[in-house]
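S.K.: Just so you know, the sequences run in chain order W and G.
The opening position of the first sequence corresponds to residue 280 in our numbering, with each subsequent residue numbered one higher.
The opening position of the second sequence corresponds to residue 97 in our numbering, with each subsequent residue numbered one higher.
None of the hints are false.
Label pairs and their calculated CB-CB ranges: (1) W:303 with G:214: 17 to 25 Å; (2) W:408 with G:285: 48 to 56 Å; (3) G:240 with W:314: 47 to 55 Å; (4) G:160 with W:566: 39 to 47 Å.
In silico DSBU-like links for lysine-lysine, alpha-carbon gap of 30 Å or less: (5) W:303 with G:203; (6) G:298 with G:190; (7) G:333 with G:125; (8) W:297 with G:221; (9) G:221 with W:296; (10) G:219 with W:297; (11) G:135 with G:233; (12) G:299 with G:221; (13) G:180 with G:112; (14) G:219 with W:296; (15) G:112 with G:190; (16) G:180 with W:297; (17) G:135 with W:283.
Quick caveat, the hints were computed from the structure, so don't treat them as lab data.
By construction, the Cβ of each residue, glycine as well, lies at the ideal position given by its N, Cα and C atoms.
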Amino acid sequence: MDDKTKIRQLIQENVSKKKNTTDKIMPRFFLLMAFVSVAATFGIVATLITDAAKFFSQVPISEVFSTKLAPLNANPSFGILPLITGTIMTTVIAMLVAVPIGLTAAIFLSQFASDKMRKILKPIMEVLAGIPTIVYGFFAYSFVTPMLMKIIPSLGAKNALSPGIVMGIMIIPLVASLSEDAMNSVPDIMREGALGLGSTKLEVTFKVVIPAAISGIMASIVLAVSRAIGETMIVTIASGSSKAFTLDITQSMQTMTAYIVEFTSGDAASGTTGYYSLYAVGLLLFVFTMGINLIAQHISKKYREEY
Amino acid sequence: MTNGISKNENIVYDVKGLNLWYGEDQALKDINLEIEKNKVTAIIGPSGCGKSTFIKTMNRMIENIPIVRTTGKILYHGQDIFDKSVRVEELRTKVGMVFQKPNPFPKSIFENVVYGPRIHGIKDKALLMEIAETSLKSAALWDEVKDRLNDNAYGLSGGQQQRLCIARCLAVQPDVILMDEPTSALDPIATFKIEELIDSLKKDYTISIVTHSMQQAARISDKTAFFLMGELIEFDKTSVIFSNPADKRTEDYITGRFG
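Take these sequences, add in the hints, and give me the full structure.
M.R.: Structural data, given as structure tokens:
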């Protein structure tokens, strides 16, 4: 009893001595840090917009949305459509590879694999995500392209198909890992509810788990799309720098990112239209990824099952 | 009884005209109630009657919900807890709380018990060990865990976890212990142990307990408050409430006619 009173006094003395200054200062510090990232975002966007504006003041809009891209000609033309088709084609190919394989792998890992199997498979799969993209680019150019040439003889040495496929392979672990997390976080009681009504494991997976996890799955796909749009090294190496406007995936194409690489490595003198075109393309990339994120938010809100 | 001062010392909480709103919905209506020292005060009533809201108001835990607004006074040893000069952390050191579901930290048993004393500046290893032992003994858990104080608290059963949470609460030597349905997630044997524990704790602490179970209120409490739709219908000695309630609604509830 005496001990208890002593401890009580000691604790209450300490508590009353505590100052609230740190408790007041720290949240302000946290706010400041949060503001840094917001400010950086605004800074980047502002730079993009001001320099892109110079580009748009020098080049008529009708030319921007034309199919002729020839920035280094004596009479240069800055049609952006070849870059957009290049980006879209490689991204679509990558998603055609990554989404089906990634999702089915996620379904297997989260619903059907034994614990032991998952513990072996998942880390191996995630090794894919750790490989530098330049290695993937090299792999696309010197291994996948020659192999594809045996099937499609007309395939160019630089083409959109091969980097698209390799980009898809690179993105598989991203889709699989995030979708698996989403499916794993569906509470077991939901599965038990469906199993208790006599559902098969497959029915539980497709009618309960996936609908419940859909917003997480959507998020993983969107992240994958942004990743594919922003990917640079693979397409720079294996897709070449042809600025022709074409939908033929067996031929060389240039993506927006590869265009920026080509021109920042020395061809565009500061202050020229070609230089400002980099900012315009950068802004376009930004608008692309932001648009996709907004769409994704909308979709995942619409299809979310609250639990 | 004979003089005003000694009566005042026996009153730990004096609630005066307490109203509470969640946004537009009034959850507590003009509550007036006194909580006596070293007594167990039970708060009963059907779901949604405001009993949990009330107990969470006593240590201002309710303020974690941003839309809450209160009027009236809660005097704790004569000091209004809503007063600007009251530091809520200090209040909560003196008024401990045990929650509906056992909520130990994902740490060892020992670390759980000494968490409070540690953040309140006690660093002496020997003293911490002593606090852990006395707290666990007071919570009637010592014999079951003394050989595995460094094991994770989540290895304990639900009832043991709840007694660990009581020990964690006792370790800072509070004056009052608030319990919000502490046995509703436990089986009858674990419930019995907690009830025994509450009985042994009241000589050192003032206890206020919200419970769904009328039998529990009848078994362990000295005084009982019956809440209905945010109002305090009746507050009296437990023996009176359960044998000879003044209000028809209290009688209906305890005889199981509704709720």
